[in-house]
Amino acid sequence: MRKGALLAGVLGAATVALVAIGTIWPIPEAKAYAGGQSTFMPRSSTPEAAARNLGDEIVLQAWQKAYDSLANKGEFTQQDFIDDITGYYPNLRSYSSVDHIEVFPLHATANDADVQLKLYWATVVGAPVSTRDLHVVRNGDRWQVEWPFVKKTIVPPQVIPVNYLRWDVIYRGAGDDWGAQDVEAPHVRIVDMHPIQRADGVVVLGELLNEDVVPAYVSVTATLQGENQVALATEGSFDKICHLLLPKQVTPFLISFPDASLSDVKSIKMTPFSTLVPASADPVIEIDNAKLNPAPDASLTGQLINQSGQVVNVAHVLGTFYDNTGHVVWVADQYVDHALLPQTPESFDIHIPEDLARKVSSQRTVVASYVAGGAL
Amino acid sequence: MKAARASLLAGAAAFMALPAFAQGGGLTVPKTIEAGAAFSIQSSGSGKGSLYIVGIGQALKRDIQLGETTWFPVGSLYNAGHYMVVVTGDGGAAESGSLDVVPESKPADLSFLARPSRLPVGLHDGITGAVYVFDAYKNLIPASMPVEFALAGPSGETQSRTVNTRYGVAWTALDSTPKQGTDKFVARSGGVSSERVIGQVPGDPCGLKMSAAPAGKDVRLQTDPVRDCSGNAVPDGTIVTFTEAYNGAQSTVDVPLKRGIAQVEMPAHPGATITVASGVILGNQIRWGR
Chain A
1160 MRKGALLAGV LGAATVALVA IGTIWPIPEA KAYAGGQSTF MPRSSTPEAA
1210 ARNLGDEIVL QAWQKAYDSL ANKGEFTQQD FIDDITGYYP NLRSYSSVDH
1260 IEVFPLHATA NDADVQLKLY WATVVGAPVS TRDLHVVRNG DRWQVEWPFV
1310 KKTIVPPQVI PVNYLRWDVI YRGAGDDWGA QDVEAPHVRI VDMHPIQRAD
1360 GVVVLGELLN EDVVPAYVSV TATLQGENQV ALATEGSFDK ICHLLLPKQV
1410 TPFLISFPDA SLSDVKSIKM TPFSTLVPAS ADPVIEIDNA KLNPAPDASL
1460 TGQLINQSGQ VVNVAHVLGT FYDNTGHVVW VADQYVDHAL LPQTPESFDI
1510 HIPEDLARKV SSQRTVVASY VAGGAL
Chain B
1020 MKAARASLLA GAAAFMALPA FAQGGGLTVP KTIEAGAAFS IQSSGSGKGS
1070 LYIVGIGQAL KRDIQLGETT WFPVGSLYNA GHYMVVVTGD GGAAESGSLD
1120 VVPESKPADL SFLARPSRLP VGLHDGITGA VYVFDAYKNL IPASMPVEFA
1170 LAGPSGETQS RTVNTRYGVA WTALDSTPKQ GTDKFVARSG GVSSERVIGQ
1220 VPGDPCGLKM SAAPAGKDVR LQTDPVRDCS GNAVPDGTIV TFTEAYNGAQ
1270 STVDVPLKRG IAQVEMPAHP GATITVASGV ILGNQIRWGR
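Those protein sequence lines, which keep their order, are chains A and B.
If you're matching positions, the first sequence starts at 1160 in the working numbering and goes up one per residue.
If you're matching positions, the second sequence starts at 1020 in the working numbering and goes up one per residue.
Rather than coming from a laboratory, the hints here were simulated on the basis of the structure.
Do not take every clue at face value.
As the list claims (entries may be wrong) - As a list, the in silico DSSO-like pairs of lysine-lysine whose alpha-carbon atoms are at most 30 angstroms apart:
id, chain 1, residue 1, chain 2, residue 2
1, B, Lys-1067, B, Lys-1080
2, B, Lys-1203, B, Lys-1228
3, B, Lys-1080, A, Lys-1450
4, A, Lys-1399, A, Lys-1425
5, B, Lys-1198, B, Lys-1228
6, A, Lys-1162, A, Lys-1232
7, B, Lys-1157, B, Lys-1228
8, A, Lys-1277, A, Lys-1310
9, B, Lys-1080, B, Lys-1198
10, B, Lys-1228, A, Lys-1450
11, B, Lys-1067, A, Lys-1310
12, B, Lys-1236, A, Lys-1311
What you are looking at is a predicted structure, and each value in this text was computed from that prediction instead of being measured.
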């Protein structure tokens, strides 16, 4: 009893001592991340150190310091520099921040070098990576980055007539008789579905069709059932689906059951959900030059072209991959972290798992778009 | 008002607390009355007393002169069900009886559930209607009575069916017609009617066909007017997917129908195969010349 009290006392005293030491003499990184002066950054004595310092300043959003450190800052303003990184128009990166960076040396001489800087973004829908190849030059005893500034894309002045259909909905009122009709929910149908076993669990893949003449907000829930139809797990498609389906539009869906085993599953109960929502048939986005690239690094690449006149702030590309019998073998997606300007191509690159890439013989791509301040 | 209600409830509670009631020989209570009808209760004895009528959803209390007839005007008891009647005198003696309130025989309101409010054309038994028949006091009328269902299509043709209610409910199923438009679905019984609107919408596109023409560096693709298999125009906004496959690559555009047709310009790749589809319906295929 006495020994326990002694041990508790020692641990308490040690904790207090360590907290005091950490507070009085914080490590430079902690001080910087806490908003203090970032004195921990090493001098830019090598090209990699210069690139890393710049990356760290971007992580900390210390824009002034980052801009001041550039060798070619005279070619653009600080605001241009910020916009080049975060986007000129509101987009996925506008609502996120850089989580961490990586620096890779590419080439070096005594007076200049090429370094690759990878910015890992933290967003609500994943961790996209943007890569910049930096040219670094020696300036006296230190190195400075020449920022590869990408000028703002200018859309030429023009008038793009848009007269696509828009659906508005009037729902039944609270005071209506209980027998009174409400607007009918859109009729949707699962046109393909099957489960596959992956290393990290069970995945249910499929496609959903809006077979109605009105737009539908859709989602799909799956319940894995074991013996005697006992529910093992229930999951939803979350964002692995195009939630807004216009009439006769088809979306893929993917539902993950981490740590589940297909051998335990006797049946799967699928529950598609649909509700009528106001929507617009605009914007129309063309998927151009979509290509299946074989393994290794199997991927689906292509370009999105916004054919409407408004800026699409976030585009979500969903690829459905079929085998040679036309069955869905995989569904993958990517959020494009640039806003889609009218008539301006924007690339996408969707990774396909190596083991499945050999089974893929065709694909179909759909795009869900989000416009700031707009409807669905 | 609150005090009156409290008094009434207290009386009802006291009545409920009584262990048992004998049917008083001097208490004359009608066996059944129609909801809302006037009625009277004759008590026996002399002196002052209280009369309680207690049922599900309704309770009445009257201060009465024992031995006299107590009159209840029209609308006093209106909830259908079984009611207990208790008369208590100042001396504590109690007489009891019971009466049943039955719904009025004449319908006053129909609750009409018509489903769905929107469906494709040409669907057998696709439209269902269910009617609940109520009297003026919202009591379900369990007695069987005929209900006429009439569905008037957009071109004027009418399907009609008469169904007798069972336990207050009648239902039927009718076909949607081959022509798109708005149906009027009416249910009638005892001079009362209720109307619902059913939207009949075109089915899947049928014989989807596109044509291609050069447009500078692009190829202009345009569908013929898109119709379903009954000849109805598929509504604007319906998505038509154009797919162009060339040199191992593919371009796709989902285009909504506008004024009955879908139209788009895509890059012209010599030798490309262009297909058109809407939902799960495939259209024709074009090979763009070299």
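Each hint tested on the structure:
With a C-alpha separation of about 13 angstroms, the suggested pair B:Lys-1067 and B:Lys-1080 falls inside the 30 angstroms cut-off, and the hint holds. A distance of roughly 34 angstroms separates the Cα atoms of B:Lys-1203 and B:Lys-1228; the hinted pair therefore is violated under the 30 angstroms criterion. Between B:Lys-1080 and A:Lys-1450 the CA atoms are separated by roughly 84 angstroms; this puts the pair beyond 30 angstroms, and the hint is violated. Between the alpha carbons of A:Lys-1399 and A:Lys-1425 the distance comes to roughly 24 angstroms, so the proposed pair stays at or under 30 angstroms and holds.
Note on B:Lys-1198 and B:Lys-1228: the hinted pairing holds, with a Cα-Cα distance of about 22 angstroms set against a maximum of 30 angstroms. For the proposed pair A:Lys-1162 and A:Lys-1232, the alpha carbon gap of about 65 angstroms is over 30 angstroms, so the pair is violated. Between B:Lys-1157 and B:Lys-1228 the alpha-carbon distance is near 56 angstroms, which puts this suggested pair outside the 30 angstroms criterion. Simply put, A:Lys-1277 and A:Lys-1310 have alpha-carbon atoms about 20 angstroms apart, close enough for the 30 angstroms limit, and the pair holds.
Only pairs whose Cα atoms come within 30 angstroms are accepted, and B:Lys-1080 paired with B:Lys-1198 is rejected, the gap being roughly 61 angstroms. Taken as a hint, the B:Lys-1228 and A:Lys-1450 pair is honoured in the structure, with Cα atoms around 26 angstroms apart against an allowance of 30 angstroms. At roughly 100 angstroms between alpha-carbon atoms, B:Lys-1067 and A:Lys-1310 are farther apart than 30 angstroms, so this suggested pair is violated. The suggested pairing of B:Lys-1236 with A:Lys-1311 holds, with an alpha-carbon distance near 27 angstroms, which does not exceed 30 angstroms.
When held up to the earlier numbered hints, the structure conflicts with 2, 3, 6, 7, 9, 11 and fits the remainder.
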